[in-house]
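> Protein chains in written order, with our numbering: chain F, 1 to 410; chain U, 1 to 269.
Hints listed in this document are in silico derivations from the structure and should not be mistaken for laboratory results. Just so we're clear, the structure is a prediction, and the values are computed from it rather than from any experiment. Even glycine gets a Cβ: it sits at the ideal position worked out from N, Cα and C. Please note: incorrect hints may appear among the correct ones.
[Claimed, not checked] If the Cβ cut is set under 8 Å, some of the chain F residues that face chain U in the computed set are:
| hint | residue |
| --- | --- |
| 1 | 23 |
| 2 | 24 |
| 3 | 27 |
| 4 | 112 |
| 5 | 171 |
| 6 | 174 |
| 7 | 202 |
[Stated by the list, open to error] Coverage of chain F stretches by chain U, computed from C-beta distances (three or more under 8 Å per stretch; other residues unrestricted):
| hint | segment |
| --- | --- |
| 8 | 102-109 |
| 9 | 176-182 |
| 10 | 246-260 |
[To be verified] Here are the simulated lysine-lysine pairs, DSS-like style, with alpha carbons at most 25 Å apart:
| hint | chain 1 | residue 1 | chain 2 | residue 2 |
| --- | --- | --- | --- | --- |
| 11 | F | 149 | U | 124 |
| 12 | U | 101 | U | 118 |
| 13 | U | 54 | U | 267 |
| 14 | U | 99 | F | 212 |
| 15 | U | 186 | F | 212 |
| 16 | U | 186 | U | 60 |
| 17 | U | 230 | U | 186 |
| 18 | U | 166 | U | 152 |
| 19 | U | 152 | U | 46 |
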Amino acid sequence: MNLGIFAWKSLGRSPVRTAFKAISIGAITAIMLVWGCLNAGLSNLLQATATSFEIGEFQLHAPGYLRNPDIYATLDHAEAWQEALLNDGFLSAPRLYGSALAAASSLSAGVQVRGLDLEREAHVTRIGRFIDSGNWLTKTTPNGVVIGKLLARHLHLQPGQEMVLLAQAADGSFANTVFQVVGILKSVNSEIDNRAVYIQEAAFREFFLIEKGIHELAISRVDQDQPFTTAELRLRQLVAKPDLGNELKSWRQLKPLLAKIIDLLAVSANFIFIFIYLALGGLILNMTFMSIYDRRREFGTMQALGMGPGQMVLLILAEAGWKSLLSAGVATLLGLPLAFYLARTGLDLSLMVDHLSVSGINLEPIIYPQITVINVIKPIAFMMSSQLLFAIFPGMEISAMVPVEALSPH
Amino acid sequence: MVPQFTSSILLGARRLGALLLIHLTIALAPLAVAKEAPQVDAQELKKVLSGVDKLWSSKKSEAEMTMTVKTSHYERALKLTLWAEGDTQALVKINAPAKEKGTMTLRLGHDIYNFLPKIDRTVKVSAAMRNSSWMGSHFSNDDLVGSGHLAKDYDATLVEANKRGKTTVWTVDMIPKSGTNLTWSKLRLVVEKERTIPISQTFYNEHGGKIRTIIFSDVKELGGRQAPTKISVTPADLPGERTDLVYVSLRHDIKLDPDFFNVDNLKSH
Numbered sequence: 001m002n003l004g005i006f007a008w009k010s011l012g013r014s015p016v017r018t019a020f021k022a023i024s025i026g027a028i029t030a031i032m033l034v035w036g037c038l039n040a041g042l043s044n045l046l047q048a049t050a051t052s053f054e055i056g057e058f059q060l061h062a063p064g065y066l067r068n069p070d071i072y073a074t075l076d077h078a079e080a081w082q083e084a085l086l087n088d089g090f091l092s093a094p095r096l097y098g099s100a101l102a103a104a105s106s107l108s109a110g111v112q113v114r115g116l117d118l119e120r121e122a123h124v125t126r127i128g129r130f131i132d133s134g135n136w137l138t139k140t141t142p143n144g145v146v147i148g149k150l151l152a153r154h155l156h157l158q159p160g161q162e163m164v165l166l167a168q169a170a171d172g173s174f175a176n177t178v179f180q181v182v183g184i185l186k187s188v189n190s191e192i193d194n195r196a197v198y199i200q201e202a203a204f205r206e207f208f209l210i211e212k213g214i215h216e217l218a219i220s221r222v223d224q225d226q227p228f229t230t231a232e233l234r235l236r237q238l239v240a241k242p243d244l245g246n247e248l249k250s251w252r253q254l255k256p257l258l259a260k261i262i263d264l265l266a267v268s269a270n271f272i273f274i275f276i277y278l279a280l281g282g283l284i285l286n287m288t289f290m291s292i293y294d295r296r297r298e299f300g301t302m303q304a305l306g307m308g309p310g311q312m313v314l315l316i317l318a319e320a321g322w323k324s325l326l327s328a329g330v331a332t333l334l335g336l337p338l339a340f341y342l343a344r345t346g347l348d349l350s351l352m353v354d355h356l357s358v359s360g361i362n363l364e365p366i367i368y369p370q371i372t373v374i375n376v377i378k379p380i381a382f383m384m385s386s387q388l389l390f391a392i393f394p395g396m397e398i399s400a401m402v403p404v405e406a407l408s409p410h
Numbered sequence: 001m002v003p004q005f006t007s008s009i010l011l012g013a014r015r016l017g018a019l020l021l022i023h024l025t026i027a028l029a030p031l032a033v034a035k036e037a038p039q040v041d042a043q044e045l046k047k048v049l050s051g052v053d054k055l056w057s058s059k060k061s062e063a064e065m066t067m068t069v070k071t072s073h074y075e076r077a078l079k080l081t082l083w084a085e086g087d088t089q090a091l092v093k094i095n096a097p098a099k100e101k102g103t104m105t106l107r108l109g110h111d112i113y114n115f116l117p118k119i120d121r122t123v124k125v126s127a128a129m130r131n132s133s134w135m136g137s138h139f140s141n142d143d144l145v146g147s148g149h150l151a152k153d154y155d156a157t158l159v160e161a162n163k164r165g166k167t168t169v170w171t172v173d174m175i176p177k178s179g180t181n182l183t184w185s186k187l188r189l190v191v192e193k194e195r196t197i198p199i200s201q202t203f204y205n206e207h208g209g210k211i212r213t214i215i216f217s218d219v220k221e222l223g224g225r226q227a228p229t230k231i232s233v234t235p236a237d238l239p240g241e242r243t244d245l246v247y248v249s250l251r252h253d254i255k256l257d258p259d260f261f262n263v264d265n266l267k268s269h
């Protein structure tokens, strides 16, 4: 008889035990499946929060600006850059930065004023959708400002109230203007929360007396399915062409700690898989030994009837294979629906933690699992490999038994 | 000391002044006929430092000044009026250029306020902005608050004494005493001993790096006393840049209303 069918029938002789094992291992695998998807979702959330709310996927600066963010270190020909980037499949948004003192009533604080092109910014980041109260900047409120959450708290400001900005303009004069707070951001990161004041590009130029040039060009791929490394290579070639010494940085270079944390999440997920399945393997090993000792006489009879040691090992492996397939079915049936449910609702951690922050980036405490073929297959593949691996030793043990000893009542 | 602003500037100016000093030192070095051993009675040293502290100071004073700023990006000139009372209250009003006319900076103790006529507001400068530039110059807001008294707030050591003609020039290293909350680790003062007139001050950070130099020059009669009328600051990290503050006039012991230095009365000045 075919060994596979024989193994299947063997499992059928103890259906309760087989079902119990399959459900137990399948349930653990389902948990690992959901956890793996959530872990990938957390990585995505971290990257998306960093890139889509603040930095974009890449940034272009004038030489030396990142080391010494001088208001005079501007990137020229911004329009030409934006057009060239668009032709090459990249969206870009110009930004201007300046230091100022923000004041309201008797309170004041040092701030970073960020001048944005509203239309282009919306193509690259989603900062405008991250409003806690009030509204994002619009062309109808040219003197409007949107400020960070903690800055608003510090200055006791609400949307609709006035805020004074004081700064040294580019010509050395003392710039001072009254702006109206139109919106307050949700918590993004400590820098934005405490110091960011967003205004429109035209208002920035008028306030700081900067006629031309920008400080930063935030860049993102038009086609998000395009591999990041391919896009980065093309972008570097494009930027290098004029040989102006401009500096292009990817989000991984701009946020190296965050990039390491994301890499670490992926590596640690693999280690956790290995650790969990090694522990599970120990249980499988024990259960398989118990099973084959219970069936010692049965295996002795098979050997007496002519089944060779190799076939004995294959039989045990075939049984393990069937069990792992059953467990995989259970894992898929339990894990996938749960993962899809969480993908719709998200896993709300706000009940467990007040504040979720990684590498200075504040995250929404709701994690959505990332369901991909790899994230689903990986825990199941780990489980099946573990089942087969830990069946080899018991198979070898039983195949080494002499039929007379196996059939002996002692 | 100078009305506190100037005295800060002095200290500042004491912070303000190394370039000229370096030039002077180089130029006058051959004239030195004898070099005194750097040993001095502590009381004598303190007396000289007190003399520098008192050079511009009075109970109430008013000064007209010009300030010119040269950076690699702009050059600007301002006309200022400075009123001061003791070491803790000072008011600076900008008279020119027209764009900034009427802008005032008030120092009350350790607090600084700016009155902005363009928007008719008074704004308190936060501690975070204390090191920022004042009116685009190489003076900081912190310079307005004061850099302490040379005689009281520093441990002074005479490191060099030179004779230049009939004048004795002392070089004194000054380390801020603990608890003085000064932002530099050392300043080197070069001073004319007899007239207690500062020549330069060089400021150093905790690593021994030079931060800036202040040079005092154009000694003339100012408010009835002989004092430098030009104070120039050159930042060490920005070669070619400088701010010159020049006294046009100085009147000591003038009369000021009791509530002259009042944050609520700025609009009326």
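> Could you run down the list of hints and mark each one as holding or not?
For each hint, the structure was consulted:
no. : hint            : in the structure
1   : 23              : 61 Å, violated
2   : 24              : 59 Å, violated
3   : 27              : 55 Å, violated
4   : 112             : 11 Å, violated
5   : 171             : 5 Å, holds
6   : 174             : 5 Å, holds
7   : 202             : 19 Å, violated
8   : 102-109         : holds (count 5)
9   : 176-182         : holds (count 3)
10  : 246-260         : violated (count 0)
11  : 149(F) / 124(U) : 21 Å, holds
12  : 101(U) / 118(U) : 9 Å, holds
13  : 54(U) / 267(U)  : 31 Å, violated
14  : 99(U) / 212(F)  : 22 Å, holds
15  : 186(U) / 212(F) : 41 Å, violated
16  : 186(U) / 60(U)  : 30 Å, violated
17  : 230(U) / 186(U) : 23 Å, holds
18  : 166(U) / 152(U) : 29 Å, violated
19  : 152(U) / 46(U)  : 9 Å, holds
Of the numbered hints stated above, those contradicted by the structure are hints 1, 2, 3, 4, 7, 10, 13, 15, 16 and 18, listed in ascending order.
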